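Each chain, letter by letter, is given below.
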Amino acid sequence: MYSKEVMDHFMNPRNVGEMPDADGVGVEGNPVCGDVMKLFIKVKDDRIVDAKFMTFGCGAAIAVSSMITEMVKGKTLDEALQISKEKVAEALGGLPPQKMHCSNLGADALRKAIEDYKNRQKKN
Amino acid sequence: MYSKEVMDHFMNPRNVGEMPDADGVGVEGNPVCGDVMKLFIKVKDDRIVDAKFMTFGCGAAIAVSSMITEMVKGKTLDEALQISKEKVAEALGGLPPQKMHCSNLGADALRKAIEDYKNRQKKN
Amino acid sequence: MECYFDHVATNPLRPEVLEAMMPYLKEEFGNPLSVYPLGVRAREAVEKAREQVASLVNARPSEIVFTSSGAEANNFALRGIAMARQYEGKHIIVTRMEHHSVLNPARFLEKLGFAVTYVNPDRQGLISPDDIKKAITDETILISVIYASPEVGTIEPIKEIAQIARERGITFHTDAVAAVGNIPVDVEDLGVDLLSMAAHQFYGPKGAGALYIRQGTRIIPLIFGGIQEGGRRAGTENVPAIVGMGRAAELAKEELPQRVEHVRGLRDKLVEGVMNKIEAIHYTGHPDRRLPGHASFCVEYIEGEAMLLMLASKGIYAASGSACTSKALKASPVLLSMGIPAHIAHGSIVFSFGMDNTMEQIEYTLEEFPQVVRRLRELSPFAKGWEGVEEEGRCTPKK
Amino acid sequence: MECYFDHVATNPLRPEVLEAMMPYLKEEFGNPLSVYPLGVRAREAVEKAREQVASLVNARPSEIVFTSSGAEANNFALRGIAMARQYEGKHIIVTRMEHHSVLNPARFLEKLGFAVTYVNPDRQGLISPDDIKKAITDETILISVIYASPEVGTIEPIKEIAQIARERGITFHTDAVAAVGNIPVDVEDLGVDLLSMAAHQFYGPKGAGALYIRQGTRIIPLIFGGIQEGGRRAGTENVPAIVGMGRAAELAKEELPQRVEHVRGLRDKLVEGVMNKIEAIHYTGHPDRRLPGHASFCVEYIEGEAMLLMLASKGIYAASGSACTSKALKASPVLLSMGIPAHIAHGSIVFSFGMDNTMEQIEYTLEEFPQVVRRLRELSPFAKGWEGVEEEGRCTPKK
Ligand SMILES: Cc1ncc(COP(=O)(O)O)c(C=O)c1O
Ligand SMILES: Cc1ncc(COP(=O)(O)O)c(C=O)c1O
Numbered sequence: 120m121y122s123k124e125v126m127d128h129f130m131n132p133r134n135v136g137e138m139p140d141a142d143g144v145g146v147e148g149n150p151v152c153g154d155v156m157k158l159f160i161k162v163k164d165d166r167i168v169d170a171k172f173m174t175f176g177c178g179a180a181i182a183v184s185s186m187i188t189e190m191v192k193g194k195t196l197d198e199a200l201q202i203s204k205e206k207v208a209e210a211l212g213g214l215p216p217q218k219m220h221c222s223n224l225g226a227d228a229l230r231k232a233i234e235d236y237k238n239r240q241k242k243n
Numbered sequence: 120m121y122s123k124e125v126m127d128h129f130m131n132p133r134n135v136g137e138m139p140d141a142d143g144v145g146v147e148g149n150p151v152c153g154d155v156m157k158l159f160i161k162v163k164d165d166r167i168v169d170a171k172f173m174t175f176g177c178g179a180a181i182a183v184s185s186m187i188t189e190m191v192k193g194k195t196l197d198e199a200l201q202i203s204k205e206k207v208a209e210a211l212g213g214l215p216p217q218k219m220h221c222s223n224l225g226a227d228a229l230r231k232a233i234e235d236y237k238n239r240q241k242k243n
Numbered sequence: 012m013e014c015y016f017d018h019v020a021t022n023p024l025r026p027e028v029l030e031a032m033m034p035y036l037k038e039e040f041g042n043p044l045s046v047y048p049l050g051v052r053a054r055e056a057v058e059k060a061r062e063q064v065a066s067l068v069n070a071r072p073s074e075i076v077f078t079s080s081g082a083e084a085n086n087f088a089l090r091g092i093a094m095a096r097q098y099e100g101k102h103i104i105v106t107r108m109e110h111h112s113v114l115n116p117a118r119f120l121e122k123l124g125f126a127v128t129y130v131n132p133d134r135q136g137l138i139s140p141d142d143i144k145k146a147i148t149d150e151t152i153l154i155s156v157i158y159a160s161p162e163v164g165t166i167e168p169i170k171e172i173a174q175i176a177r178e179r180g181i182t183f184h185t186d187a188v189a190a191v192g193n194i195p196v197d198v199e200d201l202g203v204d205l206l207s208m209a210a211h212q213f214y215g216p217k218g219a220g221a222l223y224i225r226q227g228t229r230i231i232p233l234i235f236g237g238i239q240e241g242g243r244r245a246g247t248e249n250v251p252a253i254v255g256m257g258r259a260a261e262l263a264k265e266e267l268p269q270r271v272e273h274v275r276g277l278r279d280k281l282v283e284g285v286m287n288k289i290e291a292i293h294y295t296g297h298p299d300r301r302l303p304g305h306a307s308f309c310v311e312y313i314e315g316e317a318m319l320l321m322l323a324s325k326g327i328y329a330a331s332g333s334a335c336t337s338k339a340l341k342a343s344p345v346l347l348s349m350g351i352p353a354h355i356a357h358g359s360i361v362f363s364f365g366m367d368n369t370m371e372q373i374e375y376t377l378e379e380f381p382q383v384v385r386r387l388r389e390l391s392p393f394a395k396g397w398e399g400v401e402e403e404g405r406c407t408p409k410k
Numbered sequence: 012m013e014c015y016f017d018h019v020a021t022n023p024l025r026p027e028v029l030e031a032m033m034p035y036l037k038e039e040f041g042n043p044l045s046v047y048p049l050g051v052r053a054r055e056a057v058e059k060a061r062e063q064v065a066s067l068v069n070a071r072p073s074e075i076v077f078t079s080s081g082a083e084a085n086n087f088a089l090r091g092i093a094m095a096r097q098y099e100g101k102h103i104i105v106t107r108m109e110h111h112s113v114l115n116p117a118r119f120l121e122k123l124g125f126a127v128t129y130v131n132p133d134r135q136g137l138i139s140p141d142d143i144k145k146a147i148t149d150e151t152i153l154i155s156v157i158y159a160s161p162e163v164g165t166i167e168p169i170k171e172i173a174q175i176a177r178e179r180g181i182t183f184h185t186d187a188v189a190a191v192g193n194i195p196v197d198v199e200d201l202g203v204d205l206l207s208m209a210a211h212q213f214y215g216p217k218g219a220g221a222l223y224i225r226q227g228t229r230i231i232p233l234i235f236g237g238i239q240e241g242g243r244r245a246g247t248e249n250v251p252a253i254v255g256m257g258r259a260a261e262l263a264k265e266e267l268p269q270r271v272e273h274v275r276g277l278r279d280k281l282v283e284g285v286m287n288k289i290e291a292i293h294y295t296g297h298p299d300r301r302l303p304g305h306a307s308f309c310v311e312y313i314e315g316e317a318m319l320l321m322l323a324s325k326g327i328y329a330a331s332g333s334a335c336t337s338k339a340l341k342a343s344p345v346l347l348s349m350g351i352p353a354h355i356a357h358g359s360i361v362f363s364f365g366m367d368n369t370m371e372q373i374e375y376t377l378e379e380f381p382q383v384v385r386r387l388r389e390l391s392p393f394a395k396g397w398e399g400v401e402e403e404g405r406c407t408p409k410k
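Residue numbers (this note's numbering), protein chains in the order written: chain S, 120 to 243; chain D, 120 to 243; chain U, 12 to 410; chain A, 12 to 410.
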């Protein structure tokens, strides 16, 4: 069902954990629906230098979270905003059709985290 | 499906043939329905001394015809009239339910042959 | 000598097919819905089989829904389309050549308020596209025509009728159970919307059939429940049987030309011999437009079941459409609808050939069959003719 | 270590069962309708299997109709009784514990104009006979209640409910697919009118199910056609699968007490260990009135499919009613109807045991499962509690 990449990111997820000093946090999903992704980013000079996640969800949701934290690291915010659900799925060697929404969740959490970062910047 | 006795009487039918000098002939059935039995009897002193048949029909119809010609031989007319469809079926070691009508056909042809004999007697 | 000449009834499993099934009867017993590898492998096996079956009839895999039999596929097609299109109209056209598993759902739909037209064949079992056209009304939503008759072998003009249906926006189904795997069948070339098949008709297992459903055709399920078969047919998949159907389809596709040639040779030899050696016999169905391995006759003055039994005692296994071989005790409605009188229809006998048959078996049969006919005619009160038979006689119910 | 703990999904074939099937997959390939010996032997094999299946549930052989699956049996029961009794009334009662293959035919019948009442279970999955009684109207023609739940194991008070139905002249059906072969089931003692079963639930083959239909119960077929199964279910019989179901039924009858004892021992050990070793976990279903080989839990803060995958990587194969394991992406309606909040229902996991399982497998699982839970909780944003979760939150459709 799942590709090798999905299983690898699920079994050995990268960048797990809270990030107390995050510059931006995005939460997407709803536990009533079965998936919640919490994405933390650290930003320096408009570039994401670190990312972490905590996820409640299925294997695909966890793999997507892990993959997207890897993908964003080192990217500028603008580059990161280009990451679509298709790109995440592609990086994972594909997802079963009914699991595509999981990669959307990942992309949305990332967008929220960047937004959060930008909002915080404005306030300062 | 069929008992050994049925198959024996079907494969080696007894008393097959026309009987030009029959004392009574009974025909039962209709070729449109798939069975016709023609039963010939020879009668002496109110006793059936010989019987023959010609049958158009299935294996059961042929076996029933053969069996009933065997059963009547040596019987008085009154005894022969006691032969019911159940007795024919029983003598054949049983018949599948949907084939029971075949033994009815046999009993009816016999009754008609006896009636024919009696009618001829009356006329003489 | 043993001669199995009843390939329209069912076929032996090909050893290659059983071999493909065996893992799924043993260690690969997973449920295709399960997420762990045992289930995933079962799912993959089912999807591979779907591709193989699709390929046999030139369909897309997503257009194949597995069923448990040809009869289920036919019921699914008729009831499913009737339910899906009932608000557009309530008229259905079928033919009198159909199998019970088309006719009886049609009768059931009549009880639900649908009108059904039953189109008659000609004397050779052919349905005329013109007669179909004439039967169409503004209410017609579905036409179902059998592809090839298991009783008389006739192959119907499906492509022409599908064309007529398509022009009028009517869904077209064909029961191709007796055809698929035995002659080339191509859903794209035919232009049909639905097509039924059964694995046991082409050396696949019993318990596996399929309905081809052209993409975009709306249909209501016959078996509701889980999400198997894309929500169109519920129930835990019969994985071994489905895998077997796939392998059997693959073999059929590879071997089709040889199969056709082999059984046609046997059939032609039998027909020639039988027609020469036996008097008062009719070759039923169409002489050319027919299944290549199919020879059907009506033998006058004797009855079919008796022939079957006596042939069986010689090791020759055939079929008949006589009343006595049907539990309903009625002569084959197909033969009657072709205009064959009932008393002659009772002498029906059908030989159908397969890959396991040989020319020696045909020669043996050409020795034995005429003797069987002779022996039964010796018992028959009609051996000299049908004297006193009114063709229109009616049968009183027999109890 | 490999541990197959998903016996509610499907079961391996017993070697004895496969052995009984083999002749019918090879030389005994006849069609049971054929009159020659090959066909007669197939017919006899089917009738023997019918006796074996009847005996397992204390029915008469003539009361058993073979189907292709449990789902088909359920559809046949619901649609067949609804069609047969529609002129007496158009109200049907089912429960929210039912399998999709009962619920979805019920929904279809709603579209045809029937009214359906869905009775809720209590927190332990039990249906109250009183609630059924209250749902009855003068229009009620059919009540269908699942015998035992594959999701939470709860065994329903079928006998009491059947009694209520009988007193009111209402036909009563039970879906006993998860029960037959796993616990004693006796149609006479229960007093049910119809009962569904599936062979693959008791080490028989996929592709064989049966519907028990009490003598005298009028029902309309689901699959119309020929005279197979006494005219109640058409289609060439899946002889090997039916023979396998018969043999599996025979074995089940012989071994039932040992089977129950074996799986109950395993189950009790697992439940005790799991409840001791894992925090924030709920044992779902009824603690006592449940299938002996069935243990179901909701593990808080993590999701079922993720558990399944991680367990599968350890060779442990289980099931879940979480949204992510269903293609519909909805949490199990059964768990929700029992009053379990959706976010907790997503942590559903079900272990179901069979004869192939051992105490060593349980011990292994008691090592591995708590670690899986721990690892997933390390990833979970809720590991410290469900902060901010509104129980009544609604899921927006996910595309
Ligand atoms: C209670 C219940 N009913 C019905 C079914 C459907 O049976 P099948 O999968 O044989 O169609 C199942 C499936 O396991 C079941 O557990
Ligand atoms: C033309 C035709 N349709 C339908 C069927 C029914 O198929 P099955 O026996 O697989 O249910 C048959 C049976 O052989 C058939 O010949």
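Don't take each hint at face value.
[What the hints assert, rightly or not] Each computed DSS-like pair below joins lysine-lysine, with the alpha-carbon atoms no more than 25 Å apart:
#: 1; chain 1: U; residue 1: K101; chain 2: A; residue 2: K145
#: 2; chain 1: D; residue 1: K171; chain 2: D; residue 2: K204
#: 3; chain 1: A; residue 1: K37; chain 2: U; residue 2: K264
#: 4; chain 1: A; residue 1: K122; chain 2: A; residue 2: K145
#: 5; chain 1: S; residue 1: K123; chain 2: A; residue 2: K288
#: 6; chain 1: U; residue 1: K59; chain 2: A; residue 2: K37
#: 7; chain 1: U; residue 1: K341; chain 2: D; residue 2: K204
#: 8; chain 1: U; residue 1: K59; chain 2: D; residue 2: K231
#: 9; chain 1: A; residue 1: K122; chain 2: S; residue 2: K231
Hints listed in this document are in silico derivations from the structure and should not be mistaken for laboratory results. As the structure is a prediction and not an experimental result, all values here were calculated from the model.
Against the structure, the hints:
For the hint linking K101 (chain U) to K145 (chain A), the alpha-carbon distance of about 39 Å lies beyond 25 Å, and the restraint is violated. Taken as a hint, the K171 (chain D) and K204 (chain D) pair is honoured in the structure, with Cα atoms around 18 Å apart against an allowance of 25 Å. Of the supplied pair hints, the one linking K37 (chain A) and K264 (chain U) holds, its CA atoms being roughly 22 Å apart against a limit of 25 Å. For the suggested pair K122 (chain A) and K145 (chain A), the alpha carbons sit about 24 Å apart, so the restraint of at most 25 Å is met.
For the hint pairing K123 (chain S) with K288 (chain A), the CA-to-CA distance comes to about 32 Å; that exceeds 25 Å, so the pair is violated. The hinted pair formed by K59 (chain U) and K37 (chain A) meets the criterion: a straight-line CA distance of about 24 Å does not exceed 25 Å. Taking the CA atoms of K341 (chain U) and K204 (chain D), the gap is about 21 Å. The hint holds against a cut of 25 Å. Distance restraint check for K59 (chain U) and K231 (chain D): the Cα-Cα separation of roughly 66 Å exceeds the 25 Å cut-off, and the hinted pair is therefore not satisfied.
The hinted pair formed by K122 (chain A) and K231 (chain S) fails the criterion: a straight-line CA distance of about 43 Å is larger than 25 Å.
In this structure, the hints that do not hold are numbers 1, 5, 8, 9, in rising order.
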